[in-house]
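A.B. asks: From first to last, the protein sequence lines stand for chains A and B.
Per this note's numbering, the first sequence starts with residue 110, numbered consecutively.
Per this note's numbering, the second sequence starts with residue 976, numbered consecutively.
Just so you know, the hints here were simulated from the structure itself, not pulled from any lab data.
All C-beta atoms in this analysis are idealised placements derived from N, C-alpha and C, irrespective of residue type, glycine included.
One thing to keep in mind: the hints can contain errors.
Unchecked claim - Result set (DMTMM-like, lysine to aspartate or glutamate): computed pairs, CA atoms no more than 25 Å apart in a straight line:
#1 K1401/B <-> D1484/B
#2 K219/A <-> E186/A
#3 K177/A <-> E148/A
#4 K1322/B <-> D1206/B
#5 K1487/B <-> D1362/B
#6 K1174/B <-> E113/A
#7 K1258/B <-> D1484/B
#8 K117/A <-> E186/A
#9 K1135/B <-> E186/A
#10 K1207/B <-> D144/A
#11 K1401/B <-> D1479/B
#12 K177/A <-> D272/A
#13 K1207/B <-> E179/A
#14 K1207/B <-> E186/A
#15 K1401/B <-> E1475/B
#16 K1476/B <-> E1328/B
#17 K240/A <-> E113/A
#18 K219/A <-> E1475/B
Stated by the list, open to error - Over the 12 Å line for every Cβ pair with chain A, so calculated as not near, a few chain B residues:
#19 K998
#20 A1089
#21 V1338
#22 A1441
#23 D1467
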Amino acid sequence: MNNEVAVKNKKLVRNLAFVAVAMFGFGYALVPLYDVLCEWKWIERDRPDAIKAIPETAYEIDVNRNIKVEFLTTLNENTPMIFRAEQTQITVHPGEYHTVNFYAENKTDKPMVARAIPSFSPALTSTYFEKVECFCFSEQTFAPHEGKSMPMRFVINPALPSDYQTITLSYTFFDNTQNAVKK
Amino acid sequence: MSAVTAEHAHDDHHDDHAHGPEKGWLRWIITTNHKDIGTMYLVFALAMFFVGGAMAMIIRAELFEPGLQFVDPQFFNSMTTMHALVMVFGAVMPAFVGLANWMIPMMIGAPDMALPRMNNMSFWMLVAGILLIASTLFMEGGAPAGGWTLYPPLVLQTGKALPFAIFAVHLLGVSSIMGAINIIATILNMRAPAMTLMKMPLFVWTWLITGFLLIAIMPVFAGSVTMLLTDKFFHTSFFDAAGGGDPVLYQHIFWFFGHPEVYVMILPTFGVASTIIPVFARKPLFGYSSMVYATAAIAFLSFIVWAHHMFTVGLPIAGELYFMYATMLIAIPTGVKVFNWTATMWKGSMTFETPMLFSIAFVVLFTLGGFTGLMMSVAPVDFQYHDTYFIVAHFHYTLVPASVFILMAAGYYWLPKWTGHMYNEKIGQLHFWLSTISVNILFFPQHFLGLAGMPRRIPDYAIQFADWNMISSIGGFIFGASQLLFLWIVIDTIKGGTGEKVSDEVWEDAHKHGLEWTLPSPPPYHTFTTPPAVIPSDH
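Assemble the whole structure, with the sequences as input and the hints as a guide.
C.D. replies: If you want it as structure tokens, here you go:
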């Protein structure tokens, strides 16, 4: 291999290695990029709406429609709690306000900070599921062995497309004590 | 390098580039010769093909009947995960890197790869990475069992194996990035002066594009698994919902890597098919430049379609539509390729030696796998196929009777050149027919299972899936056993094969199709120390 080719090789390798390092950075850049893109209006990501409280508005109650709402409760791996919905399933009319209580208990001898994350199925119904009050809006603090009943007040927007008859709302509690202590 | 010709390589003079191979086993550790390293890559890939294949046999044995027979569910899921990782990173990718090492310098008239020492290093890092991932099988909590896609939060429940699997991915990533840089540098800087870009064989073209894909995606994969690592051990929350992260983000990052990755395995396949078919059709390749542009188009599209793997995660409707239409676009350049291969064979004086048989089977069966891909690109119907055996059937059709068949074809096509011996054509054809029939018995019924709703990655299943699973397993066992014929042929050919002396060009008029056929069979340890003046160009 003559010198000229060796020099060319060296330069090319440097450039290509730079691309590889830059692409490693690009992987990390996708994290903030993802959040920015999901804020775009037309993307209608369901999660932020599901966490935000919506002011109580009066809707006309559509008594001709019955929507079955199911509640699922799950604990994330290693979350030492008891967690259940006091009613697992209710039938509501669109526009009608309801309050459902969820019970959660800390099973450990230490204080605990935990966070409930909602998830809707079918996902598109989340836009029409308006919560005015929910334990999932903020982190919950539990004293050792404390159990408490927590309300979730909601209404289904009558604009919900008529294809939907059942909405499943699932909450998963995550133990966030370690991160909370660090802050 | 001095202008010593290959014939003088055995002479006892003092230019150490021109010596023959090192004596003894140390040759294989320290070698920087592209042919030695190519051989090591190919032998390693073949060994891993049998390791990954053995895992597939365990999977098919367990699925032979409903109920749990041989292994516990955790180990079964480890098998599906490890089978994929070993086959992708240990067998198919290294096999193509091996072919690139052996063939690219000989095809473009270069004396060796551009960076021979880095070449040696990337091979041994690959071995280290695969050994590391294999070692997780013996760890507390077992090998990773959440699928090769390593989705959180499930993968974070892996036992002691998780950090080892992640470091293995890092090693494999660095190894393939180094390999890719080396191949690009070789192709761009080491070509014989007469070898202009648009005269390069298509195998070289497809590898040039694949090299760029690898450099762009492997670091992203390394980044995503690093995020898993810090989520698990350092309290970051990239994908942890409790800390404000989002598991769906992992899927986006993973498939940004993962979709181009499947083209890393198929583009060199296209290249080899475009090399073999013209030789046995005795016609120039139809539409050479359109093949080059189609390859580049597929590579570009591969970067902008990743979320078609995620239609069911709750994408916004605009996203579903965009990824659906963008994915459908891939069918156009792929269709151009299939058309060109068919047109190359049209009115050719075809003969059907084993490499050609495997290549024709590739064209037919890859097209079938492509069509099921097109079905799944339709977002609304994908909800039925998602995570069922339908997708398993789809990607196995694009990998086994496509990539693996073409690797077999490449083996039969170039073994006489590499060894100087002819393989046993009868056994080769037997291997072809057994493989082609059994691969369809193995994977075709999985389409039916998937449409009927059988989910993937489960050790047990409902009774109505029993019949097709049994048929699929029988096909699997025949396919697995037939591959032993290939192993026998490779060993037999290295030892002397049929005893027939092969000519330099091996296949009739092959010298018109590639520079490698102008060299002796087997080629001397160092070739093209002076670049060839005239290059064949049949397009």
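A.B. asks: Against the earlier hints, flag every one the structure doesn't satisfy and list their numbers going up.
C.D. replies: 3, 4, 5, 8, 13, 17, 18, 20
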